[in-house]
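Trainee: If you're matching them up, the sequences are chains A and B in order.
Going by numbering that gives the first Met the number 0, 115 is the number at position 116 of the first sequence; the sequence numbering is gapless.
Going by numbering that gives the first Met the number 0, 115 is the number at position 116 of the second sequence; the sequence numbering is gapless.
Just so you know, not all the hints are guaranteed correct.
Claimed, not checked - Calculated cross-link-like contacts (lysine to any residue; reagent style SDA-like; alpha-carbon spacing at most 20 Å): (1) K19(B) <-> E92(A); (2) K4(A) <-> T50(A); (3) K19(B) <-> P108(B); (4) K4(A) <-> E87(A); (5) K19(B) <-> A72(B); (6) K19(B) <-> L88(A); (7) K19(B) <-> E87(A); (8) K4(A) <-> N35(A); (9) K4(A) <-> P63(A); (10) K4(A) <-> L67(A); (11) K4(A) <-> G18(A); (12) K19(B) <-> L125(A); (13) K4(A) <-> A53(A); (14) K19(B) <-> A62(A); (15) K4(A) <-> A86(A); (16) K4(A) <-> G61(A); (17) K19(B) <-> R128(A); (18) K4(A) <-> E54(A); (19) K19(B) <-> A86(A); (20) K4(A) <-> E66(A); (21) K19(B) <-> A99(B).
Quick caveat, the hints were computed from the structure, so don't treat them as lab data.
Quick caveat, the model's predicted, so the values are computed rather than measured.
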Amino acid sequence: MLEAKALACERGGRRLFGGISIALEPGALVRVRGPNGSGKTSLLRILAGLTRPAEGEVRWRGAPIAELAEAYGAEMLFLGHAPGVKAELTAAENLAFALRLAGIAAGEREVREALARWGVGAQAGLPARVLSEGQRRRVALARLALASRVPLWLLDEPFAALDEDGVGLLRERLATHLAAGGMAVLTSHQEIALAARRVHTVALGA
Amino acid sequence: MLRGFTLTLARDMRLALRRKGDAANVLLFFVIVASLFPLGTGAEPGPLRAIGAGVVWVCALLASLLSLPRLFAADLADGTLEQMLVSAQPLGALVAGKIAAHWLTTGLPLALVAPLLGLQYGLPTDALAVLLASVLLGSPVLSLLGAAGAALTLGVRGAGVLAGILVLPLCVPALVFGAGAVAATLSALDPAPHLSLLGAFLAVSFVLGLWASCAALRVALD
Chain A
0 MLEAKALACE
10 RGGRRLFGGI
20 SIALEPGALV
30 RVRGPNGSGK
40 TSLLRILAGL
50 TRPAEGEVRW
60 RGAPIAELAE
70 AYGAEMLFLG
80 HAPGVKAELT
90 AAENLAFALR
100 LAGIAAGERE
110 VREALARWGV
120 GAQAGLPARV
130 LSEGQRRRVA
140 LARLALASRV
150 PLWLLDEPFA
160 ALDEDGVGLL
170 RERLATHLAA
180 GGMAVLTSHQ
190 EIALAARRVH
200 TVALGA
Chain B
0 MLRGFTLTLA
10 RDMRLALRRK
20 GDAANVLLFF
30 VIVASLFPLG
40 TGAEPGPLRA
50 IGAGVVWVCA
60 LLASLLSLPR
70 LFAADLADGT
80 LEQMLVSAQP
90 LGALVAGKIA
100 AHWLTTGLPL
110 ALVAPLLGLQ
120 YGLPTDALAV
130 LLASVLLGSP
140 VLSLLGAAGA
150 ALTLGVRGAG
160 VLAGILVLPL
170 CVPALVFGAG
180 AVAATLSALD
190 PAPHLSLLGA
200 FLAVSFVLGL
210 WASCAALRVA
220 LD
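For reference, chain A alone in the conformation it holds in the complex:
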């Protein structure tokens, strides 16, 4: 499904990594590990089609992602460092916008349910300005609750700023997604046990 061949990345004239190949089949999880500055985020951004690799290419269902453009966007969900949550909008409005942007159809009730499942149901009507960092992260992650039909998840440091309960929720959500034949690539520097049929590890900066 997702295939990356001999990826190389250069940042500011410095080579971060090279020769990285990834092949993802349904139900598999790729975990990108490495110290700070080793290019974990850059690799994820290359897989999302945000950054162009210095060498190599990424293919989705056999076609280069650069040609697929928004058709790839409909089958992929990318969550970066910044949660993409607008301070002036309420938690519910933020989630509704993020879902529509990702091409996921969801009604007002589903949005509220998703927020409730992520423990920010009581804050649904509050502007994101008054939410804490962790709560904003939960609002951003709440889109995963409704993203079962999006096969590929690319998550950059998804466990950052989450409390123990949040980490548990995310692990559980990832496990159901993978069990249903979904795919995920995630970066993290903590060791977190994840239930998946197949876990590949890509080590950068080794």
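Go by the hints and put chain B onto chain A.
Mentor: Positioned in the frame of chain A, the structure of chain B alone reads:
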């Protein structure tokens, strides 16, 4: 396509309603600067009438420039722009929605106030109507080319000034045809050719502005 357009349009309109001060500042700047000229140049009706349309147009240009830096910068800072680039909706439609919202919150109010400012310059009624028409047609040009300038200078230090240096020269045709239409009316000529040319320039800047904005956003986030 349309879904992406209405999505960002509705969101940016809602954001503008939550931060009314931003749009009000632009309008106030326009009114104040355009009102300073009659005070500074003296109240003789002849010279005032001659410079009226040009001054109002230049002030509209500068006022809309004022609102450019935050067009994409806020979305870049909170990660929304990233989400727009990996969206299931075409980027062009999303950016077009943002530009449309920018025009509705800055360009349209400027156009509606322009005839009132024209009164200060002693413009006759028919010239005021043409001034309204020319700013209505011309202000989308400012939003479109301005968006390209804002996207090109995204994340650069002093982006506001740089965007102005990039965008203002490109807006010269809009200024010439827009102010020219009013000048034609004042000399009892037909303003239609000027307005047609302005419309043609709007069509060109729609294609170029949108394309350049999308390309620049992709580069900015690379």
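Trainee: Next pair to validate is K19(B) with E92(A); report whether the Cα-Cα distance is within 20 Å.
Mentor: Answer holds: K19(B) to E92(A) is near 18 Å, not above 20 Å.
Trainee: Verify the proposed pairing of K19(B) with E87(A), using a straight-line Cα cut of 20 Å.
Mentor: 12 Å, holds
Trainee: Run the distance test for K19(B) versus A86(A): straight-line Cα separation, threshold 20 Å.
Mentor: Given that 20 Å is the threshold and the Cα spacing comes to 15 Å, the pair holds.
Trainee: Hey, K4(A) versus E54(A), does the alpha-carbon distance stay inside 20 Å?
Mentor: Given pair K4(A), E54(A) holds - Cα atoms ~9 Å apart, limit 20 Å.
Trainee: Run the distance test for K19(B) versus L125(A): straight-line Cα separation, threshold 20 Å.
Mentor: 19 Å, holds
Trainee: Would you check the hint for K4(A) and L67(A), treating anything up to 20 Å between C-alpha atoms as holding?
Mentor: Roughly 17 Å between the alpha carbons, so the hint for K4(A) and L67(A) holds.
Trainee: Decide if the proposed pair is consistent with the structure: K19(B) and R128(A), CA atoms, cutoff 20 Å inclusive.
Mentor: Satisfied, since the Cα-Cα distance of roughly 17 Å is no more than 20 Å.
Trainee: For the pair we were handed, K19(B) and L88(A), check the Cα-Cα distance against 20 Å.
Mentor: Satisfied, since the Cα-Cα distance of roughly 14 Å is no more than 20 Å.
Trainee: Does K19(B) pair with A72(B) here, judged by a C-alpha cut-off of 20 Å?
Mentor: 18 Å, holds
Trainee: Verify the proposed pairing of K4(A) with E66(A), using a straight-line Cα cut of 20 Å.
Mentor: 16 Å, holds
Trainee: Under the criterion that the straight-line Cα-Cα distance not exceed 20 Å, is the pair K4(A), E87(A) satisfied?
Mentor: It is violated: about 41 Å lies between the C-alpha atoms, which goes past 20 Å.
Trainee: Are the Cα atoms of K4(A) and A86(A) separated by 20 Å or less?
Mentor: Status violated; Cα separation ~39 Å.
In summary, the numbered hints that this structure violates are 4, 8, 14 and 15.
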